[in-house]
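Residues per chain, in single letters:
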Amino acid sequence: MQIAKVRGTVVSTQKDPSLRGAKLLLLQFIDESGQLLPTYEVAADISVGAGFDEWVLVSRGSAARKVEGSEERPIDAMVVAIIDTVTVENRPIYSKKDQ
Amino acid sequence: MQIAKVRGTVVSTQKDPSLRGAKLLLLQFIDESGQLLPTYEVAADISVGAGFDEWVLVSRGSAARKVEGSEERPIDAMVVAIIDTVTVENRPIYSKKDQ
Amino acid sequence: MQIAKVRGTVVSTQKDPSLRGAKLLLLQFIDESGQLLPTYEVAADISVGAGFDEWVLVSRGSAARKVEGSEERPIDAMVVAIIDTVTVENRPIYSKKDQ
Amino acid sequence: MQIAKVRGTVVSTQKDPSLRGAKLLLLQFIDESGQLLPTYEVAADISVGAGFDEWVLVSRGSAARKVEGSEERPIDAMVVAIIDTVTVENRPIYSKKDQ
Amino acid sequence: MQIAKVRGTVVSTQKDPSLRGAKLLLLQFIDESGQLLPTYEVAADISVGAGFDEWVLVSRGSAARKVEGSEERPIDAMVVAIIDTVTVENRPIYSKKDQ
Numbered sequence: 001m002q003i004a005k006v007r008g009t010v011v012s013t014q015k016d017p018s019l020r021g022a023k024l025l026l027l028q029f030i031d032e033s034g035q036l037l038p039t040y041e042v043a044a045d046i047s048v049g050a051g052f053d054e055w056v057l058v059s060r061g062s063a064a065r066k067v068e069g070s071e072e073r074p075i076d077a078m079v080v081a082i083i084d085t086v087t088v089e090n091r092p093i094y095s096k097k098d099q
Numbered sequence: 101m102q103i104a105k106v107r108g109t110v111v112s113t114q115k116d117p118s119l120r121g122a123k124l125l126l127l128q129f130i131d132e133s134g135q136l137l138p139t140y141e142v143a144a145d146i147s148v149g150a151g152f153d154e155w156v157l158v159s160r161g162s163a164a165r166k167v168e169g170s171e172e173r174p175i176d177a178m179v180v181a182i183i184d185t186v187t188v189e190n191r192p193i194y195s196k197k198d199q
Numbered sequence: 201m202q203i204a205k206v207r208g209t210v211v212s213t214q215k216d217p218s219l220r221g222a223k224l225l226l227l228q229f230i231d232e233s234g235q236l237l238p239t240y241e242v243a244a245d246i247s248v249g250a251g252f253d254e255w256v257l258v259s260r261g262s263a264a265r266k267v268e269g270s271e272e273r274p275i276d277a278m279v280v281a282i283i284d285t286v287t288v289e290n291r292p293i294y295s296k297k298d299q
Numbered sequence: 301m302q303i304a305k306v307r308g309t310v311v312s313t314q315k316d317p318s319l320r321g322a323k324l325l326l327l328q329f330i331d332e333s334g335q336l337l338p339t340y341e342v343a344a345d346i347s348v349g350a351g352f353d354e355w356v357l358v359s360r361g362s363a364a365r366k367v368e369g370s371e372e373r374p375i376d377a378m379v380v381a382i383i384d385t386v387t388v389e390n391r392p393i394y395s396k397k398d399q
Numbered sequence: 401m402q403i404a405k406v407r408g409t410v411v412s413t414q415k416d417p418s419l420r421g422a423k424l425l426l427l428q429f430i431d432e433s434g435q436l437l438p439t440y441e442v443a444a445d446i447s448v449g450a451g452f453d454e455w456v457l458v459s460r461g462s463a464a465r466k467v468e469g470s471e472e473r474p475i476d477a478m479v480v481a482i483i484d485t486v487t488v489e490n491r492p493i494y495s496k497k498d499q
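Residue numbers (this note's numbering), protein chains in the order written: chain A, 1 to 99; chain B, 101 to 199; chain C, 201 to 299; chain D, 301 to 399; chain E, 401 to 499.
Treat the hints with care, as some may be off.
Claimed, not checked - Straight line, CA to CA, 27 Å or less: simulated BS3-like cross-link-like pairs of lysine-lysine: (1) D:K323 - D:K396; (2) C:K297 - B:K123; (3) C:K223 - E:K497; (4) A:K23 - A:K97; (5) B:K123 - B:K197; (6) C:K296 - B:K123; (7) B:K196 - A:K23; (8) E:K496 - D:K397; (9) A:K23 - B:K197; (10) C:K223 - C:K297; (11) D:K396 - A:K97; (12) D:K396 - E:K423; (13) A:K96 - D:K323; (14) E:K496 - C:K223.
What the hints assert, rightly or not - Which bits of chain C does chain E cover? Going by a derived footprint, with three or more residues having C-beta under 8 Å, they are: (15) 210-224; (16) 271-280; (17) 284-292.
Since the hints were derived computationally from the structure, they do not count as laboratory data.
Don't be surprised by glycine CBs; every beta carbon is placed ideally from N, CA and C.
Make a model of the complete structure from these sequences and hints.
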């Protein structure tokens, strides 16, 4: 999984019917020191309910369709967790409650 | 999923029989600030009907075969939605109706 | 799918038994303006019969095994079409009959 | 598989229910000469029990769900082995017992 | 598939039980002109028996588990062939018997 920050949303009315009801978030990737990278992913959020500026974990590939209700949707990226803390070498590089 | 702009078409008569009837679009990727990137993907469009210059969402990998009618085709990229709006930090970076 | 040019062949006698009879082509990727990139893929060609210097579409990942006869082969890239034309913004950037 | 060093942990309480009980490690990739790269992966560790600073093998994609107990989890990266030795051209570039 | 050279081995005793008996080779990728690239893959070799310095084909992703005996192993890269010759534009760039 990769660490990403919720930056925005993507809205579509004309889409594959199986995508109806799936919230699509624009996620920007974060590097190992906690900085925003110039790369993004549009991921569905079905089971987690992530909010703006939160750090999340995103799973890509067939893993995205292991979330209940997404098995038959053409989705290749899914928000699977809202991150509480990221700790590297015993030092916190992110803590949700400090935001 | 990635955000891409429909730039053109790819036509083939000599192809795997399972690809007959699948429209193939040349998509150019767009970065997180809305600029065209020098990377592309040729994706099938079976259920969406995207037009030139529209911004679309493309799913890659096995997700591409979750669109009805593509389950048994050797396709690794699919147009799954035409984008209405992309919003980042509450500011719109793309709106289809403004194009 | 990506656009690639058939540049050569790879021959192997000592290989996984399931690969017997699968022709292996060396494909060089082509960028969105029609130039050769310094990246390649060795892909099987089972159903298409592509020749040297032709432009082809290559599918990667599990899509490669959706071509009949390759379902149980350890192949991650497949030639799925010989390209007739690539058109971008209504201008042809490649036409097979002009080669 | 890629070689990576265990650098830290990622903790989440609000996550897809199927992820409960899966330990999530922050892994930093290592290049072919044994140096840390500026790229990372958050991987589950279910069957191996890797500790900080150990070198591990990480499998990505659908392979991550071939570890017992992870088949139905939305996980795209898994620690599959703790490395004892890496040997290149008969020279050891890593040995766990020397650490 | 990608072309790679067998450079070394990775040994692990503490690993997912399903990996027992799978030989793990360190492969270094080779570019389209035959030069070693600074990227590698650790791949299993179950059916081929590749030796040091040989050029091989490596399949990645779910293809790696289409080799008999690896279907249920968390492996994302597999040696599927030892290369005899690579020919580009009718010129050989590699021939095993000349090594």
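At a Cβ distance under 8 Å, does chain E reach at least three residues of the stretch 271-280 of chain C?
-> Since three or more residues must qualify, the claim that chain E covers the stretch 271-280 of chain C holds, with 6 doing so at under 8 Å.
Taking 27 Å as the top limit, are the C-alpha atoms of D:K396 and E:K423 close enough?
-> Between D:K396 and E:K423 the Cα gap is close to 19 Å, so the pair holds against 27 Å.
Sort out whether D:K397 lies within 27 Å of E:K496, counting only the CA atoms.
-> The given pair, whose Cα atoms are some 37 Å apart, is violated under the 27 Å limit.
If you draw a straight line from the CA of D:K323 to the CA of D:K396, is it 27 Å or shorter?
-> It holds: about 22 Å lies between the C-alpha atoms, which stays within 27 Å.
Under the criterion that the straight-line Cα-Cα distance not exceed 27 Å, is the pair C:K297, B:K123 satisfied?
-> 21 Å, holds
Counting residues of the stretch 284-292 of chain C with a beta carbon closer than 8 Å to any beta carbon of chain E, are there 3 or more?
-> Coverage by chain E is violated for the stretch 284-292 of chain C (0 residues, Cβ < 8 Å).
Under a C-beta cut-off of less than 8 Å, do 3 or more residues of the stretch 210-224 of chain C approach chain E closely enough to confirm the stated coverage?
-> holds (count 11)
Restraint check for C:K223 with E:K497, where alpha carbons must lie at most 27 Å apart = 21 Å, holds
Under the criterion that the straight-line Cα-Cα distance not exceed 27 Å, is the pair C:K223, C:K297 satisfied?
-> 25 Å, holds
Hint consistency between D:K396 and A:K97 [alpha-carbon to alpha-carbon, up to 27 Å] = 37 Å, violated
Taking only the CA atoms, is the gap from A:K96 to D:K323 under or equal to 27 Å?
-> 19 Å, holds
Proposed proximity, B:K123 with C:K296 (alpha carbon, max 27 Å) = Answer holds: C:K296 to B:K123 is near 19 Å, not above 27 Å.
Of the hints listed earlier, those the structure fails to meet are numbers 8, 11, 17, in rising order.
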